[in-house]
Amino acid sequence: ALQHGFFRTTRVSGYSEMEGDGGEQIAKSQLFVCQSVHTFITAIHSNLTACEINGVRISRNHIARLANAFGRSPWLQTLAIRDCEVSGGDTSFAQLSDALAQCKGLKHLILDDIRSPATVTAGSTFHVPTTDGLRDGGGGVSELFERLMKASSVGRETLRLESLGLLSLGITSSSLYGVLRFIRSSDKSRSYPGLKSLNLASNHLRLEGCRLLMRAIEENEVLEELDIGNNQIGRTGADYISKALEKNQTLRVLLLGWNSILDEGFDRLIRGLSENTSLRVIDLRWNGIGPSAMEKLSTSLKRKSIQLERVLLGNVIDFKAHKDTEKLQSMLMVKLENDMHAC
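Position 217 of the sequence shown, counting from 1, maps to 217 under the working numbering, and the rest follow consecutively.
Any given hint could turn out to be false.
Unchecked claim - Computed cross-link-like contacts, DSSO-like style, restricted to lysine-lysine with a CA-CA straight-line distance of at most 27 Å: (1) K247 to K302; (2) K296 to K243; (3) K296 to K247; (4) K243 to K302.
To be verified - Estimated spans, in silico, between C-beta atoms of each pair: (5) K302 to S36: 52 to 58 Å; (6) E309 to S260: 22 to 28 Å; (7) R271 to R60: 32 to 38 Å; (8) E208 to T299: 31 to 37 Å; (9) T277 to T299: 15 to 21 Å; (10) D263 to S46: 52 to 58 Å; (11) S59 to Q30: 24 to 30 Å; (12) G290 to S36: 35 to 41 Å; (13) P291 to E218: 29 to 35 Å; (14) E275 to S59: 49 to 55 Å.
Hints in this document: simulated from the structure, not taken from any laboratory. Just so you know, these numbers come straight off a predicted model, no measurement behind them. We put the beta carbon where it would ideally sit given N, CA and C, even for glycine.
Make a model of the complete structure from these sequences and hints.
Right, here's the structure in full:
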């Protein structure tokens, strides 16, 4: 069965573009990628520590088999479930949550685009996604972490996740509470270092979700990397981020690409950046921020009131307006990256 899978190197936490001078901070793993449930379970039973299942439909019977495999595999440290359909509605998602809770040795968890199977409406050939489960914020995400925390407390163990990725799941402010409780509980745990990396990219947090998340970030003393790219937080959301940065002194990497922050929102961010001593990398790509905002950042950097080492710009600033890119980089005194393909 293992002949039907393949290995690939992927990052499970950290920021992929920090390679080089900051590359030692990236946690990478050789994931064994499986495209069938049978291959996936075989891989887990083969003592592989990092496995991914990709592009399959997971039935109730599959979930029962997965729970059994997870419970017998304390060596499993990295688990990724991507682009999968889970049939059976809310009941199956609850069972999947319980199955994941069996992974007591898990350190890195990635859930990316998990959804219910599409249904066909009467008289139509178009597939309409159902709204239950993880995608579309149907409460599945919140329930997932409620059940994980409950299972952990019953076993008197804390789920020892170091990195967590919840991507393209339709998470909204109403389905964020379970995640926030998990963040706060891991921050207070004395039995392990806590959650270091959180990726919530490509969801639907919007303004209210951003507000709730930043309240948790203000109090957090463990998290080092946060990705909330493509969440429609807007320029007002940047104000919540700024206030969180004024209090939080552990966050090192903050990814904010594709959020329509604009110049006004960036002005608010600068205030928070000026009070923060820990942040080293910020991603501002595709936010409609112009040269005038960059000049304000330059002034703060020259005064050493902002400690940034790397600013990711892609489509933020018009480099044609600055004929000498090196001069612009010197002006900002940080490493600029304008990689359009990385967006």
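request  = Please test the hint of 15 to 21 Å on the beta carbon pair from T277 and T299.
outcome  = The hint (15 to 21 Å, Cβ to Cβ) holds, given that T277 and T299 are roughly 18 Å apart.
ask   = Given a hinted range of 49 to 55 Å, is it respected by the beta-carbon distance of E275 and S59?
value = holds, 51 Å
task = Just tell me: holds or violated, for the beta carbon distance of P291 and E218 against 29 to 35 Å?
result = holds, 31 Å
query = Is the hinted range of 35 to 41 Å satisfied by the C-beta distance from G290 to S36?
reply = Distance hint for G290, S36 is violated at roughly 49 Å.
ask   = Do S59 and Q30 keep their Cβ atoms within the hinted range of 24 to 30 Å?
value = Given a distance of about 28 Å, which is inside 24 to 30 Å, the answer is holds.
request  = Decide if the proposed pair is consistent with the structure: K243 and K302, CA atoms, cutoff 27 Å inclusive.
outcome  = The given pair, whose Cα atoms are some 22 Å apart, holds under the 27 Å limit.
query = Lying within 52 to 58 Å: is that true of the beta-carbon distance K302 to S36?
reply = 57 Å Cβ-Cβ, so the 52 to 58 Å window holds.
message = If I claimed the Cβ atoms of D263 and S46 lie 52 to 58 Å apart, would that claim hold in this structure?
response = holds, 53 Å
inquiry  = For a C-alpha distance cap of 27 Å, please report whether K296 and K247 respect it.
reply    = Holds - the C-alpha atoms of K247 and K296 are around 22 Å apart, at most 27 Å.
query = Holds or violated: K247 with K302, Cα cutoff 27 Å?
reply = holds, 22 Å
inquiry  = Can you tell me whether the CB distance of E208 to T299 sits inside 31 to 37 Å?
reply    = holds, 33 Å
query = Taking 27 Å as the top limit, are the C-alpha atoms of K296 and K243 close enough?
reply = holds, 18 Å
Of the numbered hints given earlier, the model fails hints 7, 12; all others are met.
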